[in-house]
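**Student:** Residues per chain are reported as follows:
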Amino acid sequence: MNEKQIRELVEAVIKNMDESEIKRLAEEAGSGSKKTAGALQDDGMIPDIRQDDYTSYLEVENPANPTEFLRIKKQTDARIGLGRCGNRYRTKAYLRILADHAGSLDAVMSEAPEYLIEENHLFPVQTLCRDKDEYLSRPDLGRQFSDEMKESIKKSCTMDPDVQIIISEGLSSTAMERNTNDLLASLQQGLKLEGLSSGTPIYVKYSRVPAMDVITELTRAKITIMLIGERPGLSTYASLSAYMTYGGHVGMPEAGRNVVSNIHANGINPTEAGAHIAAVARKMMDQKASGTDLQLF
Amino acid sequence: MRQEIFSVGIDIGTSTTQLIFSKIIIENMANEYSVPRISIVGKEVIYRSAIYYTPLIGNREINAEEIRRIVTGEYRKAGFRPEDLSTGAVIITGETARKQNASEVLEALSSMAGDFVVATAGPDLESVLAARGAGTDAISRTQHLTAANVDIGGGTSNIAVFQEGNLIGTSCLDIGGRLIKVEKGKVSYIYERLQKLLEKQGIFIRAGDTADSSAIRKACEYMADHLCQSLNLKKRTPEHALFYTNQGTPIDGEIHLDALTFSGGVADCMGQEVEDEYIYGDIGPVLGKAIRTNPDFQKIRICEAQETIRATVVGAGTHTTTVSGSTISYSAGQLPIKNMPVLKISEGAEKSPRLVKEEIERRLPLYYPEGNAEQVAIALTADNYTGFKQIQELAEAILEGAKEIYGSGFPLVVVTENDIAKALGNTLRFMLGKETPVICLDSIFVNDGDYIDVGEPLVEGSVVPVVTKTLIFNN
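Residue numbers (the working numbering), protein chains in the order written: chain G, 32 to 328; chain P, 594 to 1068.
So that you can see chain G by itself, here it is in the shape it has in the complex:
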C-alpha cells in the first residue's frame, strides 16, 4: 500500500464516521498523550502521529506495577507496553510502525537537500554513482571519483588544511537536512577555538564513508571529518554520524577511524556534538593518531 492509498483509506473511514464517534475517538486517543488524536483537529488537518511520544505512557491493561513498567519503558525507544488486540498490535501502534517505516524509506530514497550547499558554502562533488539506485546497489562506486572530479577538487579547494570537513546525505537525506546547520556552525567555531585551520568544506553526493580517504589524499588534510547520514531504522531516520581520521589514506583499516554516532534531536544534540567533535580533533592533532590508537581519556 503506498502513501496515497493509505491517505485515501483514512479519509474514507473518517468521512463515514458521525461527529460523536469522531469526538469519542479523539477523547480516547487524547487520554494517552495530549499530542495524540485519532481524528481531525479544528483546522481540518490529520495530526502527525509521529509526534506522539509513545515512551511516555503505558497501554497495557491491568499492569501489576505501572510505575515501574513506565520507568523501564522510558529507557528505550522499543515499542513495548503498547497493549495488544488478540495477537496483533493495536491500530495506533501499527499505524505508527507504518509511519516510521515510511519515514525511513523517505530518508533513504529522497535526494539530498541541495539548498544547504549554498547556505553553508560547500563545494559540491559527486562519486562515480550516477543516481540513487546505483548508489544503493553499488557501494564500491560510492567511494570513488572520476579523474575530472578529482582535478576539480584539487583546483578549487584549499590545500594542506589541518581539518577537511566533508558532508554527505549518505543513507539519510533527512539526517543531513535536520542536522547540518547546527552541527557545522558549532564544529567550525570549535575548530577555531582549538586553533585548527579548516579547508573548503565539501559536499559529496552519493557517498560512502571511505570516499573521505580519497579527498584526504587530494587536499592533503591532516584530519578529515565526514558528517554523513546513518542508515535509518524504525526509531530514528534523522540520525547522523561523524567519521574522523588522522592521516587517512585510501585502503586504510576501518580501525583507524573514530566515530561519533547518533547525532540527532533526540540523541546527541547536533550543536553540542559539533563542539565535542572539535575537541576530539584537537586530541588527534596532539597525539597524531586516530581510531583505536587515539587515547580519548
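Just so you know, these hints were derived from the structure itself, not from any lab.
In silico lysine-lysine, DSBU-like type, Cα no more than 35 Å apart, as pairs:
{"id": "1", "chain 1": "G", "residue 1": "LYS105", "chain 2": "P", "residue 2": "LYS944"}
{"id": "2", "chain 1": "P", "residue 1": "LYS982", "chain 2": "G", "residue 2": "LYS185"}
{"id": "3", "chain 1": "P", "residue 1": "LYS996", "chain 2": "G", "residue 2": "LYS223"}
{"id": "4", "chain 1": "G", "residue 1": "LYS314", "chain 2": "P", "residue 2": "LYS931"}
{"id": "5", "chain 1": "P", "residue 1": "LYS982", "chain 2": "G", "residue 2": "LYS236"}
{"id": "6", "chain 1": "P", "residue 1": "LYS636", "chain 2": "P", "residue 2": "LYS616"}
{"id": "7", "chain 1": "P", "residue 1": "LYS982", "chain 2": "G", "residue 2": "LYS314"}
{"id": "8", "chain 1": "G", "residue 1": "LYS314", "chain 2": "P", "residue 2": "LYS1027"}
{"id": "9", "chain 1": "G", "residue 1": "LYS223", "chain 2": "G", "residue 2": "LYS236"}
{"id": "10", "chain 1": "P", "residue 1": "LYS1027", "chain 2": "G", "residue 2": "LYS223"}
{"id": "11", "chain 1": "P", "residue 1": "LYS670", "chain 2": "P", "residue 2": "LYS616"}
{"id": "12", "chain 1": "P", "residue 1": "LYS777", "chain 2": "P", "residue 2": "LYS793"}
{"id": "13", "chain 1": "G", "residue 1": "LYS314", "chain 2": "P", "residue 2": "LYS996"}
{"id": "14", "chain 1": "P", "residue 1": "LYS777", "chain 2": "P", "residue 2": "LYS811"}
{"id": "15", "chain 1": "G", "residue 1": "LYS105", "chain 2": "P", "residue 2": "LYS982"}
{"id": "16", "chain 1": "G", "residue 1": "LYS105", "chain 2": "P", "residue 2": "LYS636"}
{"id": "17", "chain 1": "G", "residue 1": "LYS223", "chain 2": "P", "residue 2": "LYS931"}
{"id": "18", "chain 1": "P", "residue 1": "LYS616", "chain 2": "G", "residue 2": "LYS105"}
{"id": "19", "chain 1": "P", "residue 1": "LYS950", "chain 2": "P", "residue 2": "LYS982"}
{"id": "20", "chain 1": "G", "residue 1": "LYS314", "chain 2": "P", "residue 2": "LYS616"}
{"id": "21", "chain 1": "P", "residue 1": "LYS982", "chain 2": "G", "residue 2": "LYS319"}
{"id": "22", "chain 1": "P", "residue 1": "LYS827", "chain 2": "P", "residue 2": "LYS793"}
{"id": "23", "chain 1": "G", "residue 1": "LYS253", "chain 2": "P", "residue 2": "LYS1027"}
{"id": "24", "chain 1": "P", "residue 1": "LYS1027", "chain 2": "G", "residue 2": "LYS319"}
{"id": "25", "chain 1": "G", "residue 1": "LYS181", "chain 2": "G", "residue 2": "LYS223"}
Once you have looked at the hints, place chain P on chain G.
**Tutor:** Chain P alone, transformed into the frame defined by chain G:
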C-alpha cells in the same frame, strides 16, 4: 577509563566529632561511538575514625585547638594528606552550630583539611546528608516507599522524607540525647528552651538538681511524642510548633509515611538495654527507650539504617559530590572555585534572551553585599536553547547581562541543566576572546540561593566535581 578520587567527610556534631574517608569511582559509561558520559559508579567508605566527644570550652565555645588535634591525628592514622583529597565536606551540625566560634572553626578546618574541602552547615542539608548516609533514599527508591529518616543526635532530630527516591521534605526539631546531661547522679545541663517547654507540662528539671529518673523518663516520653507528631503519626498539638529549630517548619501535614529509618547516636540506644541509664552522661538511652516503646511508633514499618551514629558523616563524605556533564567548556587554570552563590534565571525569563539579560542585570546587584561585583554563577535550565543560533543569542544575552562579573576580573561561570555546555561555553569564549576566563558546565541542577563549589578537572579534563550546598538533588 576509570578514575578513583578520595573524599573526606568531617562532622562536628553536638555530642560527637567524626571523620570518614571514602573512595569515589568515576567511569565513562557511554560506548566508544558516543560522546562520553562520565558518572560516579561507586562509593565506598574506606576509613572510619574513632568517635570523639566534641571538645567544648564551657558551654559556649568549641575547642578549636582540640578539634585540630583530632583531625590531624586521624589524617595521619588513615594515611591521607590534604593534597590526596579531591572533594569532601566539613560540617558543623546540631547545637554545635550555635556556638560562638562555629564559623571560625569551620573556616580554619576547611583550609587545613584539603584544598577542595568545603564548609557547610544548616539543618536542611544535615537532614538530607544523614538520610543519604542511612540509605533511606535507596530504600524509598528500590521499594517504592515514602520513607523518612530520623537522625536523632545530641541536640537535634533531623528529618528527611523521600518518595520514589526523591527528596520531598526536610525538617529539624530541638530533640536530642544531650539536651539534658546527667553526671554523677546530678543534672549538669539542660537546654533552656526544652526546660521551659517541660515546665509547661509540669515536668521540672534544673541544672544542679539530683537526677529524678521519673521526671527524666517523662521528659523523654514527651519528646518521643512530639517526634510522632512531626512525622504525621499523630495529630499535632498547638505547642508542637515550638520544637522546631530556628522557628523552622514541620514536614507537610499531607505526607503519609510508609516506613522510617532511625540514625544518629540515639538510634543505637534504641536497640540496647543498659544497666546504667546515664552511662554516656546524658539521656540518650532513656530517649531511645521512650521512642522504642512509644505506641504510635508501633504503627509504622521501621527499616534498618545502613549507618546509625555515622550516618551524617558518611553522607557528608560520600553523598555531597556529583560530577558535571562530560562535554563542558572552561578556560585553563581557573579551578577550583569555592562558595559561588547561584543566580538562577526564572522559568518565565528563560523564554527569551532579552528577558534573560534583563533578569541578570536586575538581580546581580543583590549578590553584592559590599556594593562591588563578586563571583556569581549564572544558572539556567536552557531547555529551549539547543540550536546553534539559539545558543548564540543566549550567549549574547548572558554576556550583556553579566558584564560586571567578568568586567571585574572574575571568571564568567554559567551552569545549565540541558546538555549544551560545550557549545554554549565555546560560544561565550569565542565572543569574549581568550583573555576572559569562562567556565560553562551542564547537568548541574541547582536552585536560586544555592552555593556551588567547582573542583579541579578530573579524567583528563573531561569532567569537574561539583558540590551543591544548602539543597541537594537526587539524579
